[in-house]
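Peer 1: What follows is the residue order along each chain.
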Amino acid sequence: MPGLDTLSEALPESLHTLLGTLKNVLVFKNGQLIGTPPDIKGLSITLQTEYSLDEKALITNFDKTNTFTEENLKKANTLRIHVEKGIIVKEPLNIFFSQNEESTVDRMTVILEEGAKLSMFEYLENNKTAAINYLSNARVKQGAKLTYTALANNHEKSVQGITRNAWVDRLGEVQYTLAQFGDGKTAHDTLVELKEPGAKGTVSIVALTSAKQEVVIKTLVDHQATDSEGTINHFGVASDESFLVFEGTGKIGKGFKRSIARQNNNGLLMSPNARLDANPFLLIDEYDVEASHGAAIGQIDEDQLYYLMSRGLTRKSAEELIIHGFLAPFQETLDDESLNQHLSTLLEIKTRR
Amino acid sequence: MATLEIKNLHASVNDIEILRGIDLTIKGGETHAIMGPNGTGKSTLASVIMGHPRYEVTKGTITLDGEDVLSMSTDERARAGLFLGMQSPAEVPGVTNSDFIKTAINAKRKDGSSVPLFKFIREYDKAVQDLKMREDLPHRFLNDGFSGGEKKRNEILQMRMLKPSIAILDEIDSGLDVDALKVVGENVTKMKNDDLGLLLITHYQRLLDYISADKVHVMMQGKIVKSGGVSLMKTIDKDGYDWIKEELGIDDEKVVPEKEEDPVLLESCATKEATK
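First to last, the protein sequences are chains A and B.
Under the working numbering, the first residue of the first sequence is numbered 1, with each subsequent residue one higher.
Under the working numbering, the first residue of the second sequence is numbered 1, with each subsequent residue one higher.
In short, the hints are calculated from the structure, not lab data.
Since the model is a prediction, treat every value here as computed from it, not as a measurement.
To give a feel for the contact side, a few chain B residues facing chain A, derived at Cβ under 8 Å: (1) 50; (2) 52; (3) 84; (4) 92; (5) 100; (6) 158; (7) 162.
Think of the CB as a built atom: it goes at the ideal place given N, C-alpha and C, for glycine as much as any other residue.
Chain A with its partners taken away, still in its complex shape (with noise of 0.2 Å):
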């Protein structure tokens, strides 16, 4: 692992303290690596320049959202986390994108061989004005297990578009948790395919907008197999005058008997201006199936707010505590304290304003 004094200099102060008790930390600044990637066994890390034609056309496949022009396709570098077959990976990787450049286009492919299991956390930062395009595609092969945990903080004069894609194998699973507090107009969209028996995706997203923020949230789950189990839930809070919209389908297609589709969507306005829309879709073509969907948006509960009030909390800290709870279902994936404490920290100073 390179030394710490390397990793701070490319990061900005605010994450300082996250450095010194997170292990396997990877830096990532305006396309480059910084510093030794970690060794851990069964895993390497590479930076790829030229691109197969293979993984072109997966882009181009899976990302008509993003602008991915040939231009800045050939200024990107991309991270490979590869993890051999039936490897293990005890601790999370943690992995962060740094950028103070005005326009770049960041990419990652992970590679999980049969059996595999890797734990991984990304953060995404940058603090000026700039045009970002993240690129993740995630390859998910028979029996392998990748959970996902991602951060994503810019800033207020930034553009970015966010995309994630995920092939799941047979008896694959992955598991994103994805936590969009960024200031920044956004673009966020995140692709499952679960392409043989038994693979399973669960996309967890929050959302928090501020000032006159738009974000929207697109979220596909495409069950591609029988047996497949796809579950999304978008949890959002919108303040001020902000803007945050949920998309999320749940795909069967014919054929692919007994599989499952779950959604769900749960929003808080913090403000009268604010607006939230979530859109739960579900696109059966198959009866044998189980499907849902939900969607709760609304103010804070005044009945829930009297109640904590009635113990003593002041309306702003019960609005806190009440906002920290959607937070829940994140936080019970990231096992690392200083890393929850971050997490309070960012939400405190993104919901106060």
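Guided by the hints, dock chain B onto chain A, whose structure is given.
Peer 2: Showing chain B alone in chain A's frame:
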């Protein structure tokens, strides 16, 4: 020693007057019980004392040690030492019981410091044990998915942790089976001391078998119509409320006469009609 003084209290909801002149003084060390049939304003009184936003006080005063309670917000009342064990506490998913109670204790501390963690955990665990609640309670979400009895016990647990000077328990006995009632009764009795003023609101005398009261009040038509000692409670237990109504010439004890519900047309959307 705290004193809660209620004088000529009138309160209404949606312009309908529910409380019509309540006078009541509760001192530290005393236990009062308010009894009475349904719909006579008992729970409204509890909510008004705690400052529920739904109710509007139109006349009268409430003071705690001379301080004007009515000018305080709900949270200020709690920090001043009032506690209300609610009839149907809200569920707050995502907020754990221990986080909540810790925040509440810290909010009450005047010097702005936090409660020492080990002391807190020790006290909390002991309370969970004494109330015979599930061991994982601290990590469960606040009242989320709790049974009626669990919610009630959780109210008592919070009262024990927050150590109020005046505690009102609103129908804490409803929804409890005999065993749970015994546990709750024992725990409340154990908390009694010269600094705690207790106000129990109940339909039944049953609760008072476990928590003894010094004074019993009967509420009808939004007023306290009769006050007395334990003997009053015993008479009510034996003879019901009718003799009081007769004595005072009250026909209908309820504040708001029950309206007949408008029939719901089933051929139109029944749920829509019913929720109008």
